[in-house]
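A.B. asks: From just these sequences and the hints, can you work out the full model?
Quick note, the sequences are listed as chains A and B, same order.
Here the first sequence is numbered in this note's numbering, starting from 1 and rising by one per residue.
Here the second sequence is numbered in this note's numbering, starting from 1 and rising by one per residue.
None of these hints come from the bench; they were simulated from the model.
Glycine included, every Cβ here is placed at the ideal spot set by N, Cα and C.
Please note that the accuracy of each hint is not assured.
Said to hold, decoys possible - Just some of the chain B residues that point at chain A, by a computed CB distance under 10 Å: (1) K204; (2) R219; (3) G225; (4) C227; (5) L230; (6) T240; (7) D241; (8) D261.
Claimed, not checked - Computed cross-link-like contacts, EDC-like style, restricted to lysine to aspartate or glutamate with a CA-CA straight-line distance of at most 16 Å: (9) K189/B / D156/B; (10) K249/B / E234/A; (11) K204/B / D285/B; (12) K276/B / D66/A; (13) K112/A / E149/A; (14) K282/A / E179/A; (15) K279/A / D289/A; (16) K228/A / D238/B; (17) K228/A / D255/B; (18) K112/A / D66/A; (19) K70/A / E19/A; (20) K228/A / D241/B; (21) K126/A / E2/A; (22) K191/B / D156/B; (23) K276/B / D261/B; (24) K11/A / E42/A; (25) K32/B / E203/A; (26) K65/A / E19/A; (27) K279/A / E185/A; (28) K228/A / D261/B; (29) K282/A / E187/A.
Stated by the list, open to error - Chain B is nowhere near these chain A residues, computed Cβ spacing over 12 Å in every case: (30) I18; (31) L31; (32) G89; (33) Q91; (34) V99; (35) E142; (36) E184; (37) F305.
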Amino acid sequence: MEQELREIVRKLLEEGAIEYFIGYAEGFEPLHTTPCFIERGEQVQALVWSPLCPYNLARYLHQMKDGAGKVGLVVKGCDARAIVELVKGNQIQRERVVVVGIPCQGQVDLAKLEDAFEGAEMVEGKGDTFLVTVGEKVHSVEKERLLREKCFSCRHPISFEYDFVLGEMSPLVYGSESEFAMVEELERLPVEERRAFWRAQFERCIRCYACRDICYACYCQECIFESKAPRWLEKTTTPLDNQTYHLIRAWHMVGRCIDCGECERVCPVGIPLRRLYKKVEKEVEQLFDYRAGMRVEDLPPLVTFAAEEPALSSRQDRSER
Amino acid sequence: MIKKAHLTQWLDRVAQGYDLFGPVLDGVVQFKRVNSSDQLVFDYANSVVPPKNLFLPQTECLFAFRREEGSIILEPRGGLERERVLFGIRPCDARSLLLLDEVFNGDLEDTYYQEKRRGTILIGLACPSPPQRTCFCTSLGIDPLSPEGVDILLTDLGDRYLVEVTTEKGEELVGLSQELFFPSAEGEKLKGEKGKSLEEVGEKIGSLWEDGYWRELSRRCLGCGVCTYLCPTCHCFDLTDVGSTLSGKRFRCWDSCMFADFTRMAGGVNPRPTGKERVRQRYFDKFSYFPERYGVLGCVGCGRCSQYCPMGIDIRTIINEVIARGAK
Numbered sequence: 001m002e003q004e005l006r007e008i009v010r011k012l013l014e015e016g017a018i019e020y021f022i023g024y025a026e027g028f029e030p031l032h033t034t035p036c037f038i039e040r041g042e043q044v045q046a047l048v049w050s051p052l053c054p055y056n057l058a059r060y061l062h063q064m065k066d067g068a069g070k071v072g073l074v075v076k077g078c079d080a081r082a083i084v085e086l087v088k089g090n091q092i093q094r095e096r097v098v099v100v101g102i103p104c105q106g107q108v109d110l111a112k113l114e115d116a117f118e119g120a121e122m123v124e125g126k127g128d129t130f131l132v133t134v135g136e137k138v139h140s141v142e143k144e145r146l147l148r149e150k151c152f153s154c155r156h157p158i159s160f161e162y163d164f165v166l167g168e169m170s171p172l173v174y175g176s177e178s179e180f181a182m183v184e185e186l187e188r189l190p191v192e193e194r195r196a197f198w199r200a201q202f203e204r205c206i207r208c209y210a211c212r213d214i215c216y217a218c219y220c221q222e223c224i225f226e227s228k229a230p231r232w233l234e235k236t237t238t239p240l241d242n243q244t245y246h247l248i249r250a251w252h253m254v255g256r257c258i259d260c261g262e263c264e265r266v267c268p269v270g271i272p273l274r275r276l277y278k279k280v281e282k283e284v285e286q287l288f289d290y291r292a293g294m295r296v297e298d299l300p301p302l303v304t305f306a307a308e309e310p311a312l313s314s315r316q317d318r319s320e321r
Numbered sequence: 001m002i003k004k005a006h007l008t009q010w011l012d013r014v015a016q017g018y019d020l021f022g023p024v025l026d027g028v029v030q031f032k033r034v035n036s037s038d039q040l041v042f043d044y045a046n047s048v049v050p051p052k053n054l055f056l057p058q059t060e061c062l063f064a065f066r067r068e069e070g071s072i073i074l075e076p077r078g079g080l081e082r083e084r085v086l087f088g089i090r091p092c093d094a095r096s097l098l099l100l101d102e103v104f105n106g107d108l109e110d111t112y113y114q115e116k117r118r119g120t121i122l123i124g125l126a127c128p129s130p131p132q133r134t135c136f137c138t139s140l141g142i143d144p145l146s147p148e149g150v151d152i153l154l155t156d157l158g159d160r161y162l163v164e165v166t167t168e169k170g171e172e173l174v175g176l177s178q179e180l181f182f183p184s185a186e187g188e189k190l191k192g193e194k195g196k197s198l199e200e201v202g203e204k205i206g207s208l209w210e211d212g213y214w215r216e217l218s219r220r221c222l223g224c225g226v227c228t229y230l231c232p233t234c235h236c237f238d239l240t241d242v243g244s245t246l247s248g249k250r251f252r253c254w255d256s257c258m259f260a261d262f263t264r265m266a267g268g269v270n271p272r273p274t275g276k277e278r279v280r281q282r283y284f285d286k287f288s289y290f291p292e293r294y295g296v297l298g299c300v301g302c303g304r305c306s307q308y309c310p311m312g313i314d315i316r317t318i319i320n321e322v323i324a325r326g327a328k
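C.D. replies: Here it is as structure tokens:
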């Protein structure tokens, strides 16, 4: 599949169809990939693809504002929803993006991998298993043991917004029944316990803004947290300040979070941010029957108004009773 | 020497007379105040946030102010109630404190930093082997088994720790439970390894001011604060008044040269307008400005920036690239 990808990219670059291509390359070791920007045909050898490619490369489409030409990139199904949303939000023009979709076989959680296989060097996906190379040995292990948490609720392993697609269309799909289980578990707790849970999480926050900066949806010209006048939030990291930061961000994700899970992945202090944004996603889905990033034509619920909002009216009935 | 089984007994004795800080698992490993040794973890590589936050807290109130009958009253803040003991600091982070001392104890002494520094006794823990995938202190001349910068260094020898005491304050701590310590046999000190030296980076980077590499690097960089906030030697801060003009508090908070607003002037001009200038700043500071000012590289090879960079940017790759591209 890597070879196929390289050939497509080489062709796109040599024909002048794109200015550059955003893909994955090997990082400081094979287990750690890093995004790469390919500008010339001879650089395509750097491109790799494996279950160790977590980055949502659509985030880098923010940089397209600086140019006029076309840009290519490789996307997993989850990442592709960001492209749909960026088009909807007038951040990019679809015709300026060449999307290469890869049927994702699930992504590996590095912490789980290191716990299970000390000294692991490489991971490949094969059917329901991952093949883990440790020294001379190759271990076959059930995917469930190493998958990233978000992959368990994956509904879209293959991009539905693409210009090229690589490999077989036989992706791995896990049931989506339990998608909101982690939210519901918290919802069942009394409000004081819920508050205590989040307070303890937010207390650890060091406000490095990695969760904001990695988010495809954070493209405001001036972020509310950087505004000097008015100054909405100081740099102080009191529990209240940290909570304010996270709750403002959660509100701003309404109808826009695509659950790529990048915020949680990059949080250095391990705040379970997916739970927070899953809650927002769940409310939007139940109130407006809407999921972000599905089709360019879908109107985001907060920029439209329907007199007959089915879920909302049933709520009103309840309150009247 | 001290038997492993006796370590917690000693630390509990220490906690009676001092404020004890050490590695705690709270979501991730962090250095925090503990009341008793059973809150501590011993099986850890290093903390996520470096121990610099005990000396330069991320948010620190410097003083409170209020207006009263035409004058302004200042109430100083800060100060330690009791002497502190930090248990479990690694040799790379101990070195980083020596570097921060250069910054905060120069011509002008930073009293807030100094009183915490002077009021804290350090019990170091030599590093376990093998190191983490991102560790590279040995390439910067640091020995992961060295007692440099700590009052006491413990080295894990299986069922016991080798105890190296380097200061009087360290002696005092050992003296609290003298009965638990016993002499070591000769030759029990482990030898640290030396890695490939990367110190050449300091001589080469100056030639790369205009190099295209910084732009290349900045395309991947998101401009978040992970590398700077987790860096044990990064020490930039911002001052903020919270309250009104009638009364309030002045805070000192960590700031990051990776943030776009770090150098934005009041009129809106920004001398580091894009990611390129900001990324370049960070590495020039570590490998050029810091050595110019203090005669030593501003990096201790703890590897946190590489380990936690959201986009997998690796400082060792950058150092190697600088060495390969630069001229002396």
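A.B. asks: Hints first: check each against the structure and report whether it holds.
C.D. replies: Here is how each hint holds up against the structure:
1. K204: 20 Å, violated
2. R219: Given a least distance of 5 Å, the restraint on R219/B holds.
3. G225: 4 Å, holds
4. C227: Since chain A brings a Cβ to about 9 Å from C227/B, closer than 10 Å, the hint holds.
5. L230: Hint holds; L230/B Cβ to chain A Cβ min 6 Å, cut 10 Å.
6. T240: With a closest approach of 5 Å, the T240/B hint holds.
7. D241: Because about 9 Å separates D241/B from the closest Cβ in chain A, which is inside the 10 Å limit, the hint holds.
8. D261: Check passed: Cβ of D261/B comes within 5 Å of chain A, closer than 10 Å.
9. K189/B / D156/B: Holds. K189/B to D156/B sits at ~10 Å (cutoff 16 Å).
10. K249/B / E234/A: 12 Å, holds
11. K204/B / D285/B: Between K204/B and D285/B the Cα gap is close to 13 Å, so the pair holds against 16 Å.
12. K276/B / D66/A: Between K276/B and D66/A the Cα gap is close to 14 Å, so the pair holds against 16 Å.
13. K112/A / E149/A: 10 Å, holds
14. K282/A / E179/A: The hint holds at about 9 Å.
15. K279/A / D289/A: 14 Å, holds
16. K228/A / D238/B: 13 Å, holds
17. K228/A / D255/B: 15 Å, holds
18. K112/A / D66/A: 39 Å, violated
19. K70/A / E19/A: 6 Å, holds
20. K228/A / D241/B: 13 Å, holds
21. K126/A / E2/A: Holds, at roughly 15 Å.
22. K191/B / D156/B: 13 Å, holds
23. K276/B / D261/B: 14 Å, holds
24. K11/A / E42/A: Holds, at about 11 Å.
25. K32/B / E203/A: 13 Å, holds
26. K65/A / E19/A: 13 Å, holds
27. K279/A / E185/A: 11 Å, holds
28. K228/A / D261/B: 9 Å, holds
29. K282/A / E187/A: Holds - the C-alpha atoms of E187/A and K282/A are around 12 Å apart, at most 16 Å.
30. I18: 15 Å, holds
31. L31: 8 Å, violated
32. G89: 19 Å, holds
33. Q91: 16 Å, holds
34. V99: 19 Å, holds
35. E142: 25 Å, holds
36. E184: Given that every Cβ of chain B is farther than 12 Å from that of E184/A, nearest at about 22 Å, it holds.
37. F305: 35 Å, holds
Comparing the model with each earlier hint shows violations of hints 1, 18 and 31; every other hint is respected.
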